[in-house]
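Novice: Sequence:
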Amino acid sequence: MKADLIELYDVKGMRSSGKWADSLEVIAGEDTVKLIGEEYSQQLETGRQAGRFPPIADIKKWIIDKGVFNSALQTISLSSLAFLIARKIAKNGWKRERFGGVELIITIVTDERIQKIINEVGNAKIIQVSSEIMTLINELETA
1 MKADLIELYD VKGMRSSGKW ADSLEVIAGE DTVKLIGEEY SQQLETGRQA
51 GRFPPIADIK KWIIDKGVFN SALQTISLSS LAFLIARKIA KNGWKRERFG
101 GVELIITIVT DERIQKIINE VGNAKIIQVS SEIMTLINEL ETA
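Each step along the sequence shown adds one to the number in my numbering, with nothing skipped, and position 7 is 7.
Simulated from the structure, these hints should not be mistaken for lab results. Treat the hints with care, since some could be wrong.
[To be verified] Distance windows between CB atoms, simulated:
no.	residue 1	residue 2	range
1	Phe83	Asp111	25 to 31 Å
2	Asp65	Val109	47 to 53 Å
3	Ile56	Gly13	36 to 42 Å
4	Val11	Ala72	56 to 62 Å
5	Arg87	Gln115	43 to 49 Å
6	Val109	Lys88	17 to 23 Å
7	Glu120	Gln43	42 to 48 Å
8	Ile127	Ile56	49 to 55 Å
9	Ala28	Glu112	20 to 26 Å
10	Thr135	Val109	25 to 31 Å
[Claimed, not checked] As a list, the in silico DSSO-like pairs of lysine-lysine whose alpha-carbon atoms are at most 30 Å apart:
no.	residue 1	residue 2
11	Lys91	Lys34
12	Lys2	Lys91
13	Lys116	Lys88
14	Lys34	Lys116
All C-beta atoms, glycine included, are put in the ideal place defined by N, C-alpha and C.
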């Protein structure tokens with residue numbers, strides 16, 4: 001899933017710094033697996049509602065990483081441009097569908113795919129337990 005998320009992220013043209021893709025991490029426990037990433041993953045998926053200023057430092061970094069405002073930076077400072085963008089987002093929100101499309105995460109992380117993984121892990125666990133039972137039976141027979 002992680003590799004597929006990163007591939008779709010790139011196909012949709014969503015990469016700027018690459019921080020989001022680099023942050024994706026698979027954490028496997030004995031009976032659990034988690035795929036975690038940046039806090040702003042939800043905004044990548046659905047956009048951002050109006051009402052609050054986004055972090056201006058993050059907007060500045062995005063401006064530099066994405067490089068789409070290079071010509072604008074010849075007439076306005078980075079701080080001013082970041083403030084204007086943040087103010088517009090705070091006032092109007094940010095609609096993801098206008099910038100590379102939506103459905104990044106829900107295209108990859110589907111109920112069907114999760115069920116398939118659960119089934120595969122379940123089958124592997126059944127084989128493991130069966131093998132352990134057969135080993136115990138063999139040990140009992142030889143004892």
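Novice: If you check the beta carbons of Glu120 and Gln43, does the distance land in 42 to 48 Å?
Specialist: violated, 32 Å
Novice: Given the hinted pair Lys34 and Lys116, is their alpha-carbon gap at most 30 Å?
Specialist: holds, 15 Å
Novice: If you draw a straight line from the CA of Lys116 to the CA of Lys88, is it 30 Å or shorter?
Specialist: violated, 42 Å
Novice: Is 25 to 31 Å respected by the C-beta to C-beta distance linking Thr135 and Val109?
Specialist: violated, 37 Å
Novice: Can the suggested window of 25 to 31 Å be confirmed for the beta-carbon pair Phe83 and Asp111?
Specialist: violated, 42 Å
Novice: Hint says 36 to 42 Å; check whether the CB-CB distance for Ile56 and Gly13 agrees.
Specialist: Since the Cβ atoms of Ile56 and Gly13 sit about 24 Å apart, the hinted range of 36 to 42 Å is violated.
Novice: Falls inside 17 to 23 Å, the C-beta gap from Val109 to Lys88?
Specialist: violated, 30 Å
Novice: Using the beta carbons of Asp65 and Val109, state whether their distance is inside 47 to 53 Å or not.
Specialist: violated, 25 Å
Novice: Holds or violated: 49 to 55 Å for the Cβ distance of Ile127 and Ile56?
Specialist: For Ile56 against Ile127, whose Cβ atoms are near 54 Å apart, the range 49 to 55 Å holds.
Novice: Just tell me: holds or violated, for the beta carbon distance of Ala28 and Glu112 against 20 to 26 Å?
Specialist: Hint holds: Cβ distance 21 Å, inside 20 to 26 Å.
Novice: Return holds or violated for the Cβ distance of Val11 and Ala72 against the range 56 to 62 Å.
Specialist: Because 27 Å falls outside the window, the suggested range is violated.
Novice: Does Lys91 pair with Lys34 here, judged by a C-alpha cut-off of 30 Å?
Specialist: Status violated; Cα separation ~35 Å.
Checked against the numbered hints above, the structure violates hints 1, 2, 3, 4, 6, 7, 10, 11, 12, 13; every other hint is satisfied.
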